[in-house]
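**Q** Using the sequences provided together with the hints, build the complete structure.
Each chain, written out:
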Amino acid sequence: MTIKEIQEEIVDEFSMFDDWMQRYEYIIDLGKNLPLIKEEFKIDENLIKGCQSKVWLQGEQDEDKIVFTADSDAILTKGIIAILIRTFSNQKATAILEADMNFIDEIGLKEHLSPTRANGLVSMIKQIKMYALAFQAKN
Amino acid sequence: MITFVFRIFINKMLDINKIRTDFPILSQKVNGKPLVYFDNGATSQKPQVVIDAIATYYEEINANIHRGVHTLSQLATDAYEESRIKIQNHINAKFAHEVLFTSGTTFGINLVANGFASLLKPNDEVMVSALEHHSNIVPWQMLCEKTGAKLVVIPMDENGELILSEYERLLSDKIKIVAVNHISNALGTVNPIKYMITKAHEVGAAVLIDGAQAVPHLKPDVQELDCDFYVFSGHKMCGPTGVGILYGKEAWLNKLPPYLGGGEMIKEVTFEKTTYADLPHKFEAGTPNIASGIVLGTAVDYMNSVGFENIQQQEKELLIYATEKLLEIEGLKIFGTAATKTSVISFNIDGIHPYDIGTIIDKLGIAVRTGHHCAQPIMNYFNIPGTIRASFAFYNTKEEIDIFVEAVKKAKTMLS
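Protein chains in written order, with my numbering: chain A, 148 to 286; chain B, 2 to 417.
Worth double-checking, as some hints may not be accurate.
Below, computed lysine to aspartate or glutamate pairings styled on EDC-like, alpha-carbon distance capped at 20 Å [stated by the list, open to error]:
# : chain 1 : residue 1 : chain 2 : residue 2
1 : B       : K411      : A       : D176
2 : B       : K256      : B       : E126
3 : B       : K411      : A       : D166
Here are a few chain A residues that sit away from chain B, every Cβ distance over 10 Å (derived from the structure) [said to hold, decoys possible]:
#  : residue
4  : M148
5  : E152
6  : I153
7  : E155
8  : W167
9  : I190
10 : Q199
11 : K201
12 : D220
13 : I222
14 : L223
15 : T224
16 : L231
17 : L244
None of these hints come from the bench; they were simulated from the model. Every residue, glycine too, gets a C-beta built ideally from N, C-alpha and C.
**A** Here it is as structure tokens:
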């Protein structure tokens, strides 16, 4: 699936929820089910320091695609990471660089990706794009 | 007779509902829920008199101060200087010129730390405590880097109280200044500063008290405390942001060099040499935050009209009530259990990140602070990423605490 298709799918899933509590419960579930990052990648080098919650991000090349794994010490942050990983992992560098993030607004999580939120997510997206840029330059 | 006694009782009690109508923001809804504002440690809300006074200043007397001969400039200058005197009386400073307007606590600490650069030599020592806000750590670290002095830290125990025996052991004639907070922002501990000041003076050290978290709860008496410097911010005590106070003993302020160069702080300027103005102007270069300076006086008047005894009584009740209610939640741990503390509760719930709880209860209309509270050494001591901090003001109620506790329970259920 393309990034756009995945984003539409996520927006569809979230449209089933009537209120913020259901949305948050879903995000918490996503966070709990996020595949674990390999312990060897959970190192300071991969740590994105948000003010409040820590985010670890690792990107690896798999043929012409990039595979991302990540983790956080806060569950809501982890849930949103799961959404971002689902969107960006196993995609080509060009597609990642071209992707827009409007779907986050559409699923009502805009405030979590605000630069003032201090949860590490904004830096995470920047880092995902940096990986894409680096892989693109390399190839 | 019964009526008489009853009347006295009523007079002594704070009419919270009436007080709350002084604060327009408290009646608004956040995320569709009535606002419960428990982030008073970060900044207090502002009463209508303070909000109005800001507008009145700009509507009626706005002009630059200490400069013009025209009437408005004179009116603005008078109002600014009257505010200084109000604050002088409030903290019982000996002279009005010992009361300097700053932009806030951080600026005041930096001003003093910068001034001490000219007084320190390598191997001198500067002392802070384990309970400090970063604002009362970093300026002193910078001072030490600049001068080769050493930073010494008074340790704390697991209740969040400073270990006084260690303090006394660390004191020596090498210590040139002790910088310690009156009340800890992260844990609410009230430090025994009068005792600490006496002990520091015995070895010839100066003492700076960071009163940022104290002035919303009490009226410091700087002469009785005998501190050399006392700094605080206006915005935590119902005043506007962007203004604070640095109290310094006259002798110390004369001794320290100016911090900023510019207009207002000079006596005479030639390209060969500049002579500095007298206190307080020596430290007040440039056009200050005139409106906020004046309105800080209004805020002080407001706090005094409510009465600090009333404030303390109400906040104490809130602290006891909230502590009891929160401890009923399984797995909840309070950090900061000092024998004397203000209305601050810092806590975590087993296995749940404070950020998650803060985010969910925000959806329920509750404003608390989560994170390290700019006091990372304290978090490192407890080996936690941060806490949830609920800090109560006199305008908060037990009903709000009930809403808050229910919200925390709901968040816990969702997150477990």
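**Q** None of the hints should be skipped; say for each whether it holds.
**A** Going through the hints against the structure:
With a C-alpha separation of about 16 Å, the suggested pair K411(B) and D176(A) falls inside the 20 Å cut-off, and the hint holds. A hinted pair counts as satisfied when its Cα atoms are at most 20 Å apart, and K256(B) with E126(B) qualifies at roughly 19 Å. Taking the CA atoms of K411(B) and D166(A), the gap is about 15 Å. The hint holds against a cut of 20 Å. No Cβ of chain B comes within 10 Å of the Cβ of M148(A); the nearest lies about 30 Å off, and the non-interface call holds.
Under the 10 Å C-beta cut-off, the non-interface status given to E152(A) relative to chain B holds; the minimum distance is some 29 Å. Listed as outside the interface, I153(A) is consistent with that label: its C-beta sits roughly 25 Å from the nearest C-beta of chain B, beyond the 10 Å cut-off. Consistency note on E155(A): stated as away from chain B, and its beta-carbon is indeed over 10 Å from all of that chain's, at 26 Å minimum. Annotated as non-interface, W167(A) brings its C-beta within 10 Å of a C-beta of chain B; the closest such distance is 5 Å.
A cut-off of 10 Å between C-beta atoms confirms that I190(A) is not in contact with chain B; the least separation is 17 Å. At the 10 Å boundary, the C-beta of Q199(A) falls inside the reach of chain B, the nearest C-beta of that chain being 5 Å off. Its closest Cβ contact with chain B, about 7 Å, brings K201(A) to no more than 10 Å, contrary to its assignment away from the interface. A beta-carbon of chain B is positioned within 10 Å of the beta-carbon of D220(A); the least distance is around 6 Å.
A Cβ of chain B approaches the Cβ of I222(A) within 10 Å, the least distance being about 5 Å, so the stated non-interface status is violated. Distance check for L223(A) against chain B: the nearest CB is about 5 Å away, which does not clear 10 Å, and the non-interface claim fails. For T224(A), the condition that its CB be more than 10 Å from all CB atoms of chain B is violated, with the nearest at approximately 7 Å. Non-interface status of L231(A) relative to chain B is upheld: no Cβ of that chain comes within 10 Å, the nearest being about 17 Å off.
Every beta carbon of chain B lies more than 10 Å from that of L244(A), the smallest distance being close to 29 Å; the non-interface claim holds.
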